[in-house]
Amino acid sequence: QKILGGNKPLWFVKDVCGLICVFITWGLVLYAQFVVNIVMLLPKMWHEPIYGTFNIILFNSLAVLALTSHFKSMTTDPGAIPRNNATKEKLESLNLQPGEIVYKCAKCYSIKPERAHHCSVCKRCIRKMDHHCPWINNCVGESNQKYFVLFTFYIASISLHALIMIVIHVIKCASNDWNQCASFSPPTTLVFMITLTFEGLLFFLFTMIMFCTQMHSICYNETGIEQLKNEKHWGKGTKWLNVKSVFGDKFSKDWFFPCYEPHIAKSDVYQYIV
Numbered sequence: 001q002k003i004l005g006g007n008k009p010l011w012f013v014k015d016v017c018g019l020i021c022v023f024i025t026w027g028l029v030l031y032a033q034f035v036v037n038i039v040m041l042l043p044k045m046w047h048e049p050i051y052g053t054f055n056i057i058l059f060n061s062l063a064v065l066a067l068t069s070h071f072k073s074m075t076t077d078p079g080a081i082p083r084n085n086a087t088k089e090k091l092e093s094l095n096l097q098p099g100e101i102v103y104k105c106a107k108c109y110s111i112k113p114e115r116a117h118h119c120s121v122c123k124r125c126i127r128k129m130d131h132h133c134p135w136i137n138n139c140v141g142e143s144n145q146k147y148f149v150l151f152t153f154y155i156a157s158i159s160l161h162a163l164i165m166i167v168i169h170v171i172k173c174a175s176n177d178w179n180q181c182a183s184f185s186p187p188t189t190l191v192f193m194i195t196l197t198f199e200g201l202l203f204f205l206f207t208m209i210m211f212c213t214q215m216h217s218i219c220y221n222e223t224g225i226e227q228l229k230n231e232k233h234w235g236k237g238t239k240w241l242n243v244k245s246v247f248g249d250k251f252s253k254d255w256f257f258p259c260y261e262p263h264i265a266k267s268d269v270y271q272y273i274v
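Mapping the sequence shown onto this note's numbering, position 172 (from 1) lands on 172, and the numbers just tick up by one.
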């Protein structure tokens, strides 16, 4: 499940359903870029250069951030525990005190830390696993939750931006000549805009709900699985400290960029087991 890429191996889950969802996600984002750039904004560049240039830069910047966040979510190890590491030697290396209990996963035969859960798709135990998301073909866990939150935020942002531009475009073109408002014929332009409207509404609602759900889980330090199973509450520290435990120890612009890996402490004492 890992392929070499730069200094760190890239995480890759070989799941057909997940890969199909990934291609659909990228295809829909690229389709939105086509409609926004080619159908709506480029025809306006001659008549409204400031409006066209501003929205092209803004929309495509957000789209690049969304796709980068998606790629990082998909190719970052979410916090997988090595398989078959529940050996006698590894257990002895933990220097456990009398009465301490260590759990062993019956499926991947690994030492199972607290808050870790086994994923049947990834076939590994994942530290602080929230859920497995087919749209990123990966689990959302301790090490890639920041990227997943950014992905939902930027997808919701470009969806809202596209919907606003569609409304502005329809209002302006309805009062003028439709033939001068797009590079395609009015019926073709209308089909593009209707499909983008449905896509924008669907993606905005879905990703905004996911974003709010993730932020709620982060603030209260409780994963989705823990909420469903009504497991032990881990709400330690303030909400701000819980947010920093995911995005990084110090607030900065790096929080909003998927290219920067957050500097956070691992959640368990088993992190060094390889």
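Misleading hints may appear alongside valid ones.
FRET-style restraints, in silico, Cβ to Cβ [unchecked claim]: (1) P49 <-> V121: 41 to 51 Å; (2) W46 <-> T238: 49 to 59 Å; (3) E89 <-> F198: 52 to 62 Å; (4) G237 <-> V191: 24 to 34 Å; (5) S120 <-> P186: 49 to 59 Å; (6) Q227 <-> L202: 21 to 31 Å; (7) F198 <-> V121: 54 to 64 Å; (8) I101 <-> C21: 36 to 46 Å; (9) P49 <-> E114: 21 to 31 Å; (10) V121 <-> N95: 45 to 55 Å; (11) F184 <-> L58: 20 to 30 Å.
Listed below are the simulated BS3-like cross-link pairs for lysine-lysine, each with C-alpha atoms no more than 27 Å apart in a straight line [to be verified]: (12) K123 <-> K250; (13) K229 <-> K104; (14) K107 <-> K229; (15) K88 <-> K14; (16) K229 <-> K244; (17) K123 <-> K107.
Just so you know, the hints here were simulated from the structure itself, not pulled from any lab data. Computed from a predicted structure; not experimentally measured. Even for Gly, the Cβ is constructed at its ideal location relative to N, Cα and C.
Can the restraint linking K107 and K229 be considered satisfied, given a maximum Cα separation of 27 Å?
19 Å, holds
Range first: 54 to 64 Å. Now tell me if the beta carbons of F198 and V121 are that far apart.
29 Å, violated
Honestly, do I101 and C21 meet the 36 to 46 Å range at C-beta?
With a Cβ separation near 38 Å, I101 and C21 satisfy 36 to 46 Å, so the hint holds.
Beta-carbon spacing of Q227 to L202 - inside the hinted bounds 21 to 31 Å or not
25 Å, holds
Pairwise hint evaluation, K14 against K88, where the allowed Cα distance is 27 Å at most:
31 Å, violated
G237 versus V191 beta-carbon gap, inside 24 to 34 Å or not:
The hint (24 to 34 Å, Cβ to Cβ) is violated, given that G237 and V191 are roughly 52 Å apart.
Is it true that P49 and E114 lie within 21 to 31 Å of each other by Cβ?
With a Cβ separation near 58 Å, P49 and E114 fall outside 21 to 31 Å, so the hint is violated.
Does K104 sit within 27 Å of K229, going by the straight-line distance between their CA atoms?
19 Å, holds
Can the suggested window of 49 to 59 Å be confirmed for the beta-carbon pair S120 and P186?
Because 50 Å falls inside the window, the suggested range holds.
Does the alpha-carbon distance linking K229 and K244 stay inside the 27 Å limit?
25 Å, holds
Restraint check for K123 with K250, where alpha carbons must lie at most 27 Å apart:
With Cα atoms ~34 Å apart, K123 and K250 exceed 27 Å; violated.
Using the Cβ atoms, figure out if P49 sits within 41 to 51 Å of V121.
48 Å, holds
Hints 4, 7, 9, 10, 12 and 15, counting from the list given before, are not met by this structure.
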